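Protein chains in written order, with my numbering: chain W, 9 to 216; chain Z, 9 to 216; chain H, 9 to 216; chain V, 9 to 216.
Think of the hints as simulated: they come from the structure by calculation, not from any bench. Some hints here could point you the wrong way.
Identical copies carry no separate label here, and so any pair may be met within one copy or between two of them.
[Said to hold, decoys possible] Restricting the straight-line Cα-Cα distance to at most 25 Å, the calculated cross-link-like pairs of lysine to any residue (SDA-like) are: (1) K160 / A138; (2) K160 / G79; (3) K160 / L189; (4) K160 / R11.
What you are looking at is a predicted structure, and each value in this text was computed from that prediction instead of being measured.
4 protein chains.
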Amino acid sequence: MTRETVRVEAFSDGVFAIAITLLILEIRVPHLPTEAGNAELGAALRTLWPSFLAFAGTFGSILTMWINHHGFFDLLERVDRRFLFANGFLLLLITFVPFPTALLAAYLDRPGANAASAFYCATYVGINVAYNLLWLTAARDHRLIRPGVSDKVLERIRRAYLLGFPIYVLAVVAAFWNAMLGFGICSALWIFWAGLDYRDRHAQPAAA
Amino acid sequence: MTRETVRVEAFSDGVFAIAITLLILEIRVPHLPTEAGNAELGAALRTLWPSFLAFAGTFGSILTMWINHHGFFDLLERVDRRFLFANGFLLLLITFVPFPTALLAAYLDRPGANAASAFYCATYVGINVAYNLLWLTAARDHRLIRPGVSDKVLERIRRAYLLGFPIYVLAVVAAFWNAMLGFGICSALWIFWAGLDYRDRHAQPAAA
Amino acid sequence: MTRETVRVEAFSDGVFAIAITLLILEIRVPHLPTEAGNAELGAALRTLWPSFLAFAGTFGSILTMWINHHGFFDLLERVDRRFLFANGFLLLLITFVPFPTALLAAYLDRPGANAASAFYCATYVGINVAYNLLWLTAARDHRLIRPGVSDKVLERIRRAYLLGFPIYVLAVVAAFWNAMLGFGICSALWIFWAGLDYRDRHAQPAAA
Amino acid sequence: MTRETVRVEAFSDGVFAIAITLLILEIRVPHLPTEAGNAELGAALRTLWPSFLAFAGTFGSILTMWINHHGFFDLLERVDRRFLFANGFLLLLITFVPFPTALLAAYLDRPGANAASAFYCATYVGINVAYNLLWLTAARDHRLIRPGVSDKVLERIRRAYLLGFPIYVLAVVAAFWNAMLGFGICSALWIFWAGLDYRDRHAQPAAA
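Starting from the given sequences, assemble the full structure and let the hints guide the process.
Below is the structure:
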């Protein structure tokens, strides 16, 4: 891995770490009248459930995206300009995530929930496109891939990334029918991504 | 220590550093009428004491958690998926901490103080559970531990983590009786955690 | 590259990564009446277009500045105090960027758009000056440049940095005539900066 | 330098970088009536001068504190628990700085300016105490200092840190007389700190 690659990875890590930590700033302390007691505060905290849910679900998603980002970088021999643009597009969307998360938290228990959830899911469609662009600029014809990485691994990753696209689009559609369902699909997918394997040695037992 | 381990530790460090620095954003500059003079501003700053107290106490707690996190990582030979989930759960709670801190600061001198303090302490119960999960996924049967780390060290850490659980639960209960007491127990414990030793060479003189 | 140089670069990277991630905090979730439905929320999101545009344009600009910053650091043998001041001045302006971005987002579709856009563009004039100061303190007479870097490379960088100055000044002027044009010039320039080459090996084919 | 020392330094760097970048969040975009034009927005931006001044002055101060922090760490052979507490106290105050900065920005052109400025300067007294504690825990009797660092260097640093204390106390007092003067003293001192030399080779020509 070149010095340049290490550096781009470190910068990306920083952006992931900051974006994931900024999520909490969107949960606001309830403003209650001065005389409000423990019961009122407890009730007010319970009404924050959409914020807690959006926070936890999105945290899991970004963390899994970071793990996948690292898995992908491990395959790289070097980076070039075209790849830097694709990676930059991914980082743009990662830093954007706190906004749809806050939107979802604010509207999940209100009439505008479908629009908020669809917007949230649409952001994930964009992120999926960015991962597919990473693959296209780096892994196609093994362009930037280090020697020794098998076709099998690259093909497995390509399929997973491609498969993600229709599922996230489905989540956008589902959000219009049921806001919670759209969010649920996006959040559930992190279990799928967490299971994606970027290493050859795991591929072999699986193929055996 | 593998490249993977170093990387997870660096990412976790970033999250700790950002979470600890975001705490200050919850202390708001007092809004006073334009003609308010030095005396009024001084008085307004004094009424911010719950914010300053919550900031300082939580800063000490997160800093000590970071020191313990590093101490634990020093024992590791490698990481695996199960450990990554446990560590991810810990990071989720660390990034969450600014919210209960802001809540405590807003309600510590008001009738809802008990609920706010109990919520704050409950977050620490969760963090303690996360540390116990780190131990279970990494240290049980020396699964991910590097050679040469003695049973004695792992056992000492296990006991400290387990002991933390009832104390933090006690803090939640105490918070319902006296808000300041709950917060005080959580904050005082960082002296206990700061004293926890992750190294063998210290264990020997202690046993001598 | 000395340990000192690596350290200054790492600190600068952190500042770039944080500034680029803070941009999103300036996009606020729309506050609508509780009964507002999907159509109203959709409409409210569409009125946020100046925020989305300012976010995306500025993200691209800061990312390209970071790439250029790294390209420049790759030429360095060491750093000295004078260079640290120039670099500190650049970081001051980079951390400042979220403010003019938020200003532009708030006023781009309102009567004050020209003033907001001119202020935004003026920040980029300042950043351009900072890059020229980096060149002057480091590259003039090869002061802090590592051996083997050709005059041709340094001269190419100098010209690009100098050329940026009148263009950004032009953007300030253009902003008073058409707010979007000023912002457009600043944002379009990142394609120019992304194409600036800091390496000798690319220079040779270009010269052949 | 031990792995532990490198790690504490990296964590501290992260806290410095985040604190310095968060400063900008305290400058708020002016809220004007929708019909406000360029002239009104220009005027509103000019009334933000205390924010810009506090931002620039504090940025320079934190950047210089970071440079000094690194200079000091370069002298270290290792760290121990006592030093970690002193360093943690310093970091607590560094993360605190955005609050007094926002306070100063909000009140510098209002009747409460003296109180705000004195509070700001008092934070710097605290930071100076923290640097003196760093010296006491690390440099006294060369406790944690690496071999080859001369008494002369340590003595020079000790004197500079000690000298800072009465000057910052003076700034607090001066702030009660003239708010701008207190802030000015604190900000001007960064030129003094930027000139403090942590290396032996510079000491010798100075002594020659």
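Cross-check of the supplied hints:
In this assembly of identical chains, the alpha carbons of K160 and A138 lie at most 25 Å apart only when taken from the same copy (22 Å versus 36 Å across copies). With identical chains, the CA atoms of K160 and G79 are at most 25 Å apart within one copy only, with a shortest distance of 15 Å there and 35 Å across copies. Proximity of K160 and L189 under a CA criterion of 25 Å is satisfied in neither setting, with 34 Å inside one chain copy and 49 Å between copies. In the homo-oligomer, the alpha carbons of K160 and R11 lie at most 25 Å apart only across protomers (23 Å), although the nearest pairing inside one protomer, at 27 Å, exceeds that limit.
Hint 3 from the earlier list is the only one contradicted by this structure; the remaining hints agree with it.
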